[in-house]
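Trainee: Kindly produce the complete structure, drawing on both the sequences and the hints.
There are 2 protein chains.
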Amino acid sequence: MMQVKLEDVAKLAGVSPTTVSRVLNNRGYISEKTRKKVEDAIKELNYYPNDIARSLFKKRTNFIGLILPTINNPFFSELALYIENICSNYGFKVILCNSLGQLEKEKSYAEMLIRHQVDGMIVCSYNRGIEAYKNPKLPIVAIDHYLSPTIPVIGSDNYEGGRLAVQHLIDVGCKSIIHINGPFDLETPTQNRRKAYEDLVEKPITYELNNLFNEEATAATIRQIFNDYPETDGIFASDDLIAATCLKVAQELHIDVPKQLKVVGYDGTQTVSSLLPQLTTIRQPIEDIAKTAVIKLNEIIEETQNDKTMEIILPVQLVKNRTA
Amino acid sequence: MMQVKLEDVAKLAGVSPTTVSRVLNNRGYISEKTRKKVEDAIKELNYYPNDIARSLFKKRTNFIGLILPTINNPFFSELALYIENICSNYGFKVILCNSLGQLEKEKSYAEMLIRHQVDGMIVCSYNRGIEAYKNPKLPIVAIDHYLSPTIPVIGSDNYEGGRLAVQHLIDVGCKSIIHINGPFDLETPTQNRRKAYEDLVEKPITYELNNLFNEEATAATIRQIFNDYPETDGIFASDDLIAATCLKVAQELHIDVPKQLKVVGYDGTQTVSSLLPQLTTIRQPIEDIAKTAVIKLNEIIEETQNDKTMEIILPVQLVKNRTA
DNA sequence: ATGAAAGCGCTAACAG
DNA sequence: CTGTTAGCGCTTTCAT
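The listed protein sequences correspond, in order, to chains Z and X. Residue numbers for the first sequence, in this note's numbering: 1 to 324. Residue numbers for the second sequence, in this note's numbering: 1 to 324.
No lab work stands behind these hints, which were simulated from the structure alone. Mixed in with the good hints there might be a few duds.
Heads up, the list lumps identical chains together, so a pair's fine if it works in one copy or across two of them.
For lysine to any residue, the following SDA-like pairs were computed, each having C-alpha atoms within a straight-line distance of at most 20 angstroms [unchecked claim]: (1) 308 - 295; (2) 291 - 144; (3) 105 - 12; (4) 107 - 88; (5) 37 - 22; (6) 43 - 8; (7) 43 - 19; (8) 107 - 44; (9) 248 - 258; (10) 105 - 210; (11) 58 - 114; (12) 203 - 159; (13) 308 - 138; (14) 58 - 117; (15) 105 - 85; (16) 58 - 7; (17) 248 - 207; (18) 134 - 299; (19) 43 - 137; (20) 291 - 201; (21) 59 - 46; (22) 291 - 315; (23) 134 - 46; (24) 195 - 170; (25) 134 - 35; (26) 105 - 90.
Mentor: Below is the structure:
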């Protein structure tokens, strides 16, 4: 597929390639006549500049890599929507990478992005020890996970979110509150949700979900909870999908929500509020997280960073509905 | 950020750039000694090949553009997950574009993708008349929408899906079934869901949702339905999010589902089955759609297309739960 | 106001 | 088995 190139436009317009480049980039002086000729030629040939060639010269691709566990999750898909939208305002194109939480996959995505000369990356990693992130020359921001001391992390106020959730359960009368969270060994700020829980209840019991993205495993763990602690009357789930599974299991076991059991989730995405409007949850400021991440990343790329804060914490909000 | 390049590796290893290129690409004969020297130099310098330069030469970027209305929707996010996954097996990188259903946005994304020399595009368009798609040299496949006579479309059996949904409502005793669908004027195979509905019921009444991605507008339309036709005892919604809103409005109006009203949705994503497990719906074969689309696109790109079918229709399935 | 020439980092003839 | 050379499509000094 013989692409039409700048040179073809130049020939047709009877000018030099330099001139065509100038009108394309609006640089330097060009007579109106010449500009017109060039523009006509562009139109006639239906010419599109080759951004790959441009990138090679400029050493700037305007590509941003977005690494997350899976886009098929209401939190990440809402986050990704906002990120992509804001990026497009900055002229950035987003390369989507689903690591599926697998170290090897994430590693190879990170390397691929580097080879493709991305200007920067936004990473929501569930893995540790990826060498590629260590390069201090590579602009990266992390969402809700500590990657390295040099990588800023954007997230919401996880401690406060945990506190709001648990305090609410206490306020509505729960005596035996259980917490369900992801793997402990990940050094993520989301562990602060758990810390808040442990600070607030007398005898904290946290169940760990090692396979966050497998609903059946989650359901099994929850059945186990009701088996181990039949007195449970409150659950603080570290995300809304887990909370939904709690509701499902409760129904299956004929436990009435909210009468016998109260449930608070976490994230508060639009998707969940459409599909499960009764869920009481903690709403993260997803759009703000996205905006902050892109702005921060852009500052690092442009080297215009004034604020060197390494952790940005955004406020959360309790959304009361009918499950607690 | 002075990138290390192939030439630096060559110098350190004491060989020519060609030789380095050869070991990188495993092309031609290289002595073990030389290969070793080069590999050591690569490691020492922590060298990553520049894929932009490579792409410029090869006229092949391995980029695929993915245009959809919004990734923040269970159907599209599940589709995107599978597409990205399969693409990554083919060595394709996915550029994510959310058109938000806006013509101008979609147009500028399409042009951006062309300038970036994508090898192909997968498009789920909600717009008509985008010039960029007309270029017969550009490999494109469409999902569930007719873009042009030369662009193959992948989708599921929308007529059969509609038939299954409506027949089920009839089978469980509904007498006054209403259908809710997206804008009529889009020439999409999904209009076949409506056709099936109209073929099956005596006095078809279809409500049109012009703003598919605005839940409040959807709710208003549904309230209108119960106002206009209080006898309604069955709703076939053209997607699960609409069905969820029906459930919400029914609850608000104290209409008991499934006793007084039965609802069937459409899509059957994992997200919906986690968050709204009670919903009866038509399950689309999302993974198959993704796989078929990527395979077809790859065939067009590689020019190895044997099967020139312009429309591929995959089977759907009724998933009976508690709303109908 | 416009053009000629060099070069971004890589690969592929073609020699040797 | 390895190196020399040219060129992918574009932009930018530096002339004129």
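Trainee: The structure should be examined with respect to each hint, and the outcome stated for every one.
Mentor: Here is how each hint holds up against the structure:
no. : hint      : verdict
1   : 308 - 295 : within (13 angstroms within a copy, 46 angstroms between copies)
2   : 291 - 144 : within (14 angstroms within a copy, 32 angstroms between copies)
3   : 105 - 12  : neither (48 angstroms within a copy, 31 angstroms between copies)
4   : 107 - 88  : between (26 angstroms within a copy, 13 angstroms between copies)
5   : 37 - 22   : within (13 angstroms within a copy, 44 angstroms between copies)
6   : 43 - 8    : within (12 angstroms within a copy, 42 angstroms between copies)
7   : 43 - 19   : within (16 angstroms within a copy, 43 angstroms between copies)
8   : 107 - 44  : between (45 angstroms within a copy, 19 angstroms between copies)
9   : 248 - 258 : both (13 angstroms within a copy, 18 angstroms between copies)
10  : 105 - 210 : within (18 angstroms within a copy, 40 angstroms between copies)
11  : 58 - 114  : both (16 angstroms within a copy, 19 angstroms between copies)
12  : 203 - 159 : within (18 angstroms within a copy, 56 angstroms between copies)
13  : 308 - 138 : within (16 angstroms within a copy, 44 angstroms between copies)
14  : 58 - 117  : both (11 angstroms within a copy, 17 angstroms between copies)
15  : 105 - 85  : between (26 angstroms within a copy, 10 angstroms between copies)
16  : 58 - 7    : both (19 angstroms within a copy, 19 angstroms between copies)
17  : 248 - 207 : within (17 angstroms within a copy, 32 angstroms between copies)
18  : 134 - 299 : within (19 angstroms within a copy, 38 angstroms between copies)
19  : 43 - 137  : between (40 angstroms within a copy, 17 angstroms between copies)
20  : 291 - 201 : neither (35 angstroms within a copy, 48 angstroms between copies)
21  : 59 - 46   : between (26 angstroms within a copy, 19 angstroms between copies)
22  : 291 - 315 : within (14 angstroms within a copy, 40 angstroms between copies)
23  : 134 - 46  : between (43 angstroms within a copy, 12 angstroms between copies)
24  : 195 - 170 : within (16 angstroms within a copy, 53 angstroms between copies)
25  : 134 - 35  : neither (47 angstroms within a copy, 27 angstroms between copies)
26  : 105 - 90  : between (28 angstroms within a copy, 14 angstroms between copies)
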